[in-house]
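Participant: Just need the whole structure built from these sequences, with the hints factored in.
Protein chains: 4
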Amino acid sequence: MAFRVLTRTATGSQQQQQLKVLSDLLIRSFSSGPKNVGFIGLGNMGGPMASNLMAKGHKLHVFDISKDAKDSLKAKGAATYDNVAELAKASDFVVSMLPNNDIVADTYDTIINGGGVKSQTIFIDSSTIDPNVAKAVQKKVKAAGATFVDAPVSGGVPGAKNATLTFMVGGTADEYQAVKELLEGMGKKITHCGGYGMGQAAKVCNNMMLGISMCGLAECMNLAIRLGLDAKVFADIVNASTGRSWASEVNNPVPGIIPTAPAASDYAGGFATGLITKDLGIASAVATSSNSPIPLGALTHQIYRTLMAKGLANKDFSVVYDFLKNTEGK
Amino acid sequence: MAFRVLTRTATGSQQQQQLKVLSDLLIRSFSSGPKNVGFIGLGNMGGPMASNLMAKGHKLHVFDISKDAKDSLKAKGAATYDNVAELAKASDFVVSMLPNNDIVADTYDTIINGGGVKSQTIFIDSSTIDPNVAKAVQKKVKAAGATFVDAPVSGGVPGAKNATLTFMVGGTADEYQAVKELLEGMGKKITHCGGYGMGQAAKVCNNMMLGISMCGLAECMNLAIRLGLDAKVFADIVNASTGRSWASEVNNPVPGIIPTAPAASDYAGGFATGLITKDLGIASAVATSSNSPIPLGALTHQIYRTLMAKGLANKDFSVVYDFLKNTEGK
Amino acid sequence: MAFRVLTRTATGSQQQQQLKVLSDLLIRSFSSGPKNVGFIGLGNMGGPMASNLMAKGHKLHVFDISKDAKDSLKAKGAATYDNVAELAKASDFVVSMLPNNDIVADTYDTIINGGGVKSQTIFIDSSTIDPNVAKAVQKKVKAAGATFVDAPVSGGVPGAKNATLTFMVGGTADEYQAVKELLEGMGKKITHCGGYGMGQAAKVCNNMMLGISMCGLAECMNLAIRLGLDAKVFADIVNASTGRSWASEVNNPVPGIIPTAPAASDYAGGFATGLITKDLGIASAVATSSNSPIPLGALTHQIYRTLMAKGLANKDFSVVYDFLKNTEGK
Amino acid sequence: MAFRVLTRTATGSQQQQQLKVLSDLLIRSFSSGPKNVGFIGLGNMGGPMASNLMAKGHKLHVFDISKDAKDSLKAKGAATYDNVAELAKASDFVVSMLPNNDIVADTYDTIINGGGVKSQTIFIDSSTIDPNVAKAVQKKVKAAGATFVDAPVSGGVPGAKNATLTFMVGGTADEYQAVKELLEGMGKKITHCGGYGMGQAAKVCNNMMLGISMCGLAECMNLAIRLGLDAKVFADIVNASTGRSWASEVNNPVPGIIPTAPAASDYAGGFATGLITKDLGIASAVATSSNSPIPLGALTHQIYRTLMAKGLANKDFSVVYDFLKNTEGK
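Chains as they are written, first to last, in this note's numbering: chain A, 342 to 671; chain B, 342 to 671; chain C, 342 to 671; chain D, 342 to 671.
Treat the hints loosely; a few may be bogus.
Since copy identity is lost for identical chains, a pair holds within one copy or between any two.
[Claimed, not checked] Below, a list of computed lysine-lysine pairs in the DSSO-like style, where the Cα atoms sit at most 30 Å apart: (1) Lys400 to Lys619; (2) Lys481 to Lys619; (3) Lys483 to Lys573; (4) Lys476 to Lys619; (5) Lys397 to Lys408; (6) Lys530 to Lys573; (7) Lys573 to Lys529; (8) Lys417 to Lys573; (9) Lys480 to Lys573; (10) Lys573 to Lys521; (11) Lys651 to Lys408; (12) Lys651 to Lys476; (13) Lys651 to Lys573; (14) Lys619 to Lys480; (15) Lys476 to Lys573; (16) Lys651 to Lys619; (17) Lys651 to Lys459; (18) Lys666 to Lys476.
I should point out that these hints are in silico values taken from the structure, not numbers from a laboratory.
Facilitator: Here is the structure:
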């Protein structure tokens with residue numbers, strides 16, 4: 342790990358301060374002994390992620406609004422907190438895994454206002470939120486003297502349980518190096534996406550593409566079947582042709598094509614319609630704020646929103662095929 | 342090659358007739374000597390395809406409305422015709438490669454009405470047309486006593502030149518076997534998609550997916566870049582994630598990501614916007630006639646139609662990125 | 342009524358022929374006595390239209406594939422036919438009211454091939470079909486020596502019953518004058534839209550706008566209600582503002598806003614989803630053939646197609662509100 | 342004006358407080374003498390609105406970030422301020438006319454934190470913002486002891502200049518009565534839309550419908566013209582038919598149909614593409630937060646966003662016709 346050169350125009354005392362921050366990062370990064378890790382948000386994702394960190398030998402300091410969720414980690418040896426600022430004071434790293442923009446922003450305000458920020462602490466937000474919110478929180482944490490990176494994940498609940506998540510990290514190259522080892526305790530692929538907010542940006546753009554691919558594939562499979570093609574034959578043709586995608590290869594939405602896909606079990610499990618809809622909502626928001634045209638992304642968002650309105654929020658997002666196909670005879 | 346059992350309810354003389362047709366197919370299929378092959382339509386695709394067949398030793402009988410196109414093949418040894426019925430009379434196989442529904446339908450009417458159909462001739466239409474038109478032509482050719490299969494291609498002009506096309510064949514299993522060897526003289530992958538029209542159906546559904554993927558990718562790349570992501574970094578993330586597709590891996594629409602992609606040379610070459618628009622038009626037509634909802638397919642069609650209106654018909658279809666990206670400052 | 346000047350370059354005998362045709366038109370147009378009127382297609386629309394013509398004193402000659410439909414008119418005094426060519430021979434005017442492109446084309450082929458075309462007969466097709474098909478039929482009828490105009494209607498079954506239909510006529514100014522009086526027996530507004538096919542073009546473009554307005558209004562009403570607005574208050578605001586449309590003023594899709602609208606009676610009656618979907622299909626086809634971008638029209642088409650797939654073909658097209666609104670709690 | 346009955350369960354002192362608030366409202370509403378009116382935001386809209394209030398005899402207290410804008414009002418007799426809290430202290434009513442959510446929220450925070458809120462002051466925000474932001478600001482102002490209503494406008498710069506704006510007011514019935522007279526000094530139609538935020542909700546939903554109507558009309562006019570219809574003839578047909586809308590009657594996007602429409606002067610003036618895009622952005626945001634499907638609204642948003650990307654932000658939003666029509670030959 343090579344640190345970037347110090348800012349040339351810094352004054353002597355600024356340089357000393359910079360050196361201190363860098364050496365702190367170095368020490369935490371290189372020392373492979375157990376750390377004090379705060380974990381905020383112990384839901385379907387956060388719970389198993391925190392457990393995996395404990396399995397690596399780290400000391401966990403945990404918070405959730407649900408007492409049951411905290412007790413579940415306490416039983417494995419974690420310290421529990423009623424106050425996120427106190428939790429932060431006790432931690433070298435703090436990982437947050439929270440449901441939305443507002444809760445992330447409020448949580449960090451509470452930590453900062455409660456005096457929970459220490460200069461050597463690295464905050465890692467693994468929630469999926471608006472990149473602009475991530476940037477704003479980073480600024481506040483930095484102003485309070487510590488480090489903050491965004492590191493949203495893909496891989497879902499199975500990835501959280503099996504420590505096979507992908508982390509998309511937004512921060513400096515040094516900060517990326519400083520969090521990599523810790524994140525490897527919860528995932529198998531840690532990607533550096535760019536500066537602050539770029540982890541969130543990468544996730545939201547990738548997932549917009551995923552939603553478009555799945556809706557498009559659902560339309561194509563339905564049309565192919567209605568034109569008389571055998572579903573399996575056509576799926577194989579697509580996978581050997583220019584129409585192929587992750588969706589077509591791994592999560593074909595037609596029941597019976599891929600035995601392990603959610604379509605085979607009435608669209609249970611997988612990546613919930615509610616979650617892709619949330620991600621597409623973030624995509625819409627950042628497309629609006631950056632004035633970027635996303636015609637297919639916006640339409641896909643509306644299609645998934647219609648599925649939500651029909652009560653399909655908890656089904657795998659491949660259920661869009663079931664929604665589009667005719668329930669009436671030809 | 343195992344032939345299907347004869348129709349059980351056939352009378353004796355019907356069975357004899359069936360046997361004769363099958364044995365004709367067998368003879369033509371197994372005899373690997375040169376054939377008399379008619380070729381109708383010698384454009385950017387048909388010209389090189391016909392040349393490849395000549396290179397395999399076949400005797401070519403060719404027709405085109407352009408005298409220059411015919412003369413070009415004549416110089417290589419082909420016999421030229423002014424009349425497609427006469428051409429068909431001289432041929433064991435006839436391959437047609439024509440621009441649209443109406444021209445295909447008219448050409449086969451002319452052949453049939455001109456007495457060009459012999460019972461042992463196999464007609465192979467490699468044009469990209471509406472599956473319903475292909476089915477209708479098949480019925481007429483069959484009624485006139487011969488065999489007709491649809492076999493549209495993918496791979497574009499380079500595939501035609503290098504004999505690396507993919508053929509998507511619609512017909513019976515026996516008919517597929519009967520045309521396979523000949524088509525291998527022009528392509529490297531010959532797929533059996535199902536009954537009559539299913540070659541066309543497979544092509545149009547695959548290409549609808551391709552158009553959706555490309556438009557979606559263009560939106561995602563543009564959004565990612567405007568959010569501050571490095572284009573190359575984000576392209577790599579997508580290709581390692583759930584957003585990946587043929588488009589993202591082979592034909593990324595942002596200049597500079599893939600050196601061999603059309604985006605690198607001002608969207609020259611590749612798969613023309615005019616052609617994907619045509620294919621999406623066929624998709625729209627068959628979706629209407631089969632009452633199949635194709636929200637993203639229809640929107641993609643409109644986007645490409647708008648590009649056509651802006652004079653981009655001859656650019657590679659990845660030019661949609663250039664169309665969507667802001668020409669104004671942020 | 343002022344006739345256009347005769348073609349200057351016509352020869353003497355051509356001029357005589359032209360004069361004869363014009364005087365025929367004049368005679369039929371000005372003579373207000375009863376005519377022999379053929380009527381082909383006696384369904385929900387055609388049946389009452391034919392009855393209204395009888396009520397005006399015309400002698401009706403009718404055909405339908407349903408014997409019951411014919412018998413119903415026979416009971417009122419119409420002559421019935423098994424053969425449309427024979428029907429045409431007996432008629433001064435022939436009105437056709439048929440379900441789709443193919444049936445219209447086949448019917449006129451049968452009339453022409455059966456020798457049913459007399460030079461003084463005026464054929465009026467009131468079916469809703471592709472403008473290009475209308476043009477093609479006009480050419481054939483003209484080649485056979487008679488006159489053909491397209492005159493699709495709006496106003497639905499109530500308009501057919503009450504003789505309050507709007508007719509959109511495509512033909513020359515003289516032909517428009519020649520058919521106006523007869524059509525006034527079935528409608529109250531007879532519009533001249535332009536040359537051959539332009540009646541169909543006007544209908545399909547107007548109805549595409551209607552579909553877009555209704556879908557858009559359904560979205561807006563649903564959004565307004567979910568944001569907390571009172572539906573009636575918001576409907577009044579829209580009607581007094583820039584968002585107003587025929588749909589908002591006459592056929593608001595939210596139950597309870599307009600007592601006479603189909604929404605008030607579970608979307609029964611009105612303009613069926615199946616019919617607007619058919620019209621949007623024609624719009625898509627002509628937009629494809631003329632390479633005209635119709636992003637909202639195409640999306641509206643797909644939305645209505647999805648409603649069809651959900652079994653809503655017979656409900657008024659305002660049922661799209663019911664489809665979009667959440668069935669789940671907020 | 343009839344006030345609502347007092348809250349029945351209120352204690353004696355609460356009732357006294359309520360009575361005082363109501364009587365304050367009454368006094369301000371009924372006294373028709375000149376008021377002290379604060380005005381924040383003196384741009385293209387706010388400037389003329391403030392001038393109109395001065396013309397009615399009110400004493401104006403004005404703020405803008407532009408000194409020129411303030412000086413322009415000062416020359417007419419207004420008092421100018423560098424501090425919005427001081428401005429508010431001097432005012433009976435405060436009208437704000439600001440560009441976006443964040444500036445509105447910041448401005449009211451500054452007023453509240455600066456001690457500018459007096460119990461008898463009525464704040465009227467005429468900016469176009471997210472209804473949820475309006476609700477949040479109302480809560481803060483109420484908590485600080487004063488009254489806040491949202492009252493966005495339609496009518497554009499001409500309406501602002503000629504005092505013919507429409508105001509859409511969100512607040513209680515009494516509050517609506519209390520602001521009505523003042524607003525009549527700037528507009529000719531003052532609508533009560535419902536509780537807090539409902540003025541904004543009504544505006545955004547109406548304008549979403551307006552955007553959809555205009556895009557749809559542009560498609561239909563373009564398609565009609567390409568099919569061969571005369572633009573003026575078709576426009577008249579639509580206006581007499583079910584496709585009619587405010588857009589078709591008042592702002593037809595085809596040059597030459599309506600002499601007073603922006604289309605007649607190269608899309609100058611009118612309602613800017615940048616503004617409808619902003620409104621559609623708010624619609625998208627509230628549709629996301631309320632999980633309401635808006636397929637056509639979202640697509641219209643993307644189309645206008647594409648126009649923005651092409652540098653058309655300052656053209657009237659009917660320029661979408663010019664964007665869609667073919668620049669290439671048919």
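Participant: Decide, hint by hint, whether the structure agrees.
Facilitator: Hint-by-hint comparison with the structure:
1. In this assembly of identical chains, lysine 400 and lysine 619 lie within 30 Å of each other by CA distance neither inside one copy nor across copies; the values are 32 Å within and 49 Å between.
2. Within a single copy, lysine 481 and lysine 619 get their C-alpha atoms as close as 25 Å, and across copies as close as 28 Å, so both meet the 30 Å cut-off.
3. Proximity of lysine 483 and lysine 573 under a CA criterion of 30 Å is satisfied inter-copy only: 28 Å between copies versus 54 Å inside one chain copy.
4. Taking identical chains as interchangeable, the C-alpha atoms of lysine 476 and lysine 619 lie at most 30 Å apart whether they share a chain (19 Å) or sit on different chains (23 Å).
5. For the homomeric pair lysine 397 and lysine 408, the shortest alpha-carbon distance inside one copy (24 Å) is at most 30 Å, but the shortest distance between copies (62 Å) is not.
6. With identical chains, the CA atoms of lysine 530 and lysine 573 are at most 30 Å apart between copies only, with a shortest distance of 18 Å across copies and 32 Å within one.
7. In this homomeric assembly, lysine 573 and lysine 529 come within 30 Å of each other (Cα to Cα) only across copies, at 22 Å, whereas the closest approach inside a single copy is 32 Å.
8. In this homomeric assembly, lysine 417 and lysine 573 never come within 30 Å of each other (Cα to Cα): the closest approach is 46 Å inside a single copy and 43 Å across copies.
9. For the identical chains of this complex, lysine 480 and lysine 573 are inter-copy neighbours only, at 26 Å across copies versus 51 Å inside a copy, given an alpha-carbon limit of 30 Å.
10. Within a single copy, lysine 573 and lysine 521 get their C-alpha atoms only as close as 41 Å, which misses the 30 Å cut-off; across copies the closest is 21 Å, which meets it.
11. Taking the shortest Cα distances, lysine 651 and lysine 408 never come within 30 Å of each other, neither inside one copy (32 Å) nor across copies (44 Å).
12. Taking CA atoms no more than 30 Å apart as the test, lysine 651 paired with lysine 476 passes between copies only; the shortest distance there is 28 Å, against 35 Å inside one copy.
13. Taking the closest pair of Cα atoms, lysine 651 and lysine 573 come within 30 Å of each other both inside a single copy (28 Å) and across two copies (25 Å).
14. When the C-alpha separation of lysine 619 and lysine 480 is checked against a cutoff of 30 Å, the pair qualifies both within a copy, at 25 Å, and between copies, at 27 Å.
15. In this assembly of identical chains, the alpha carbons of lysine 476 and lysine 573 lie at most 30 Å apart only when taken from different copies (22 Å versus 45 Å within one copy).
16. Proximity of lysine 651 and lysine 619 under a CA criterion of 30 Å is satisfied in both settings, with 16 Å inside one chain copy and 26 Å between copies.
17. In the homo-oligomer, the alpha carbons of lysine 651 and lysine 459 never lie at most 30 Å apart, since the shortest distance is 47 Å inside one protomer and 48 Å across protomers.
18. Taking the closest pair of Cα atoms, lysine 666 and lysine 476 come within 30 Å of each other only across two copies (24 Å); inside a single copy the shortest separation is 42 Å, beyond that limit.
The structure does not agree with the numbered hints 1, 8, 11, 17 stated previously, though it agrees with the rest.
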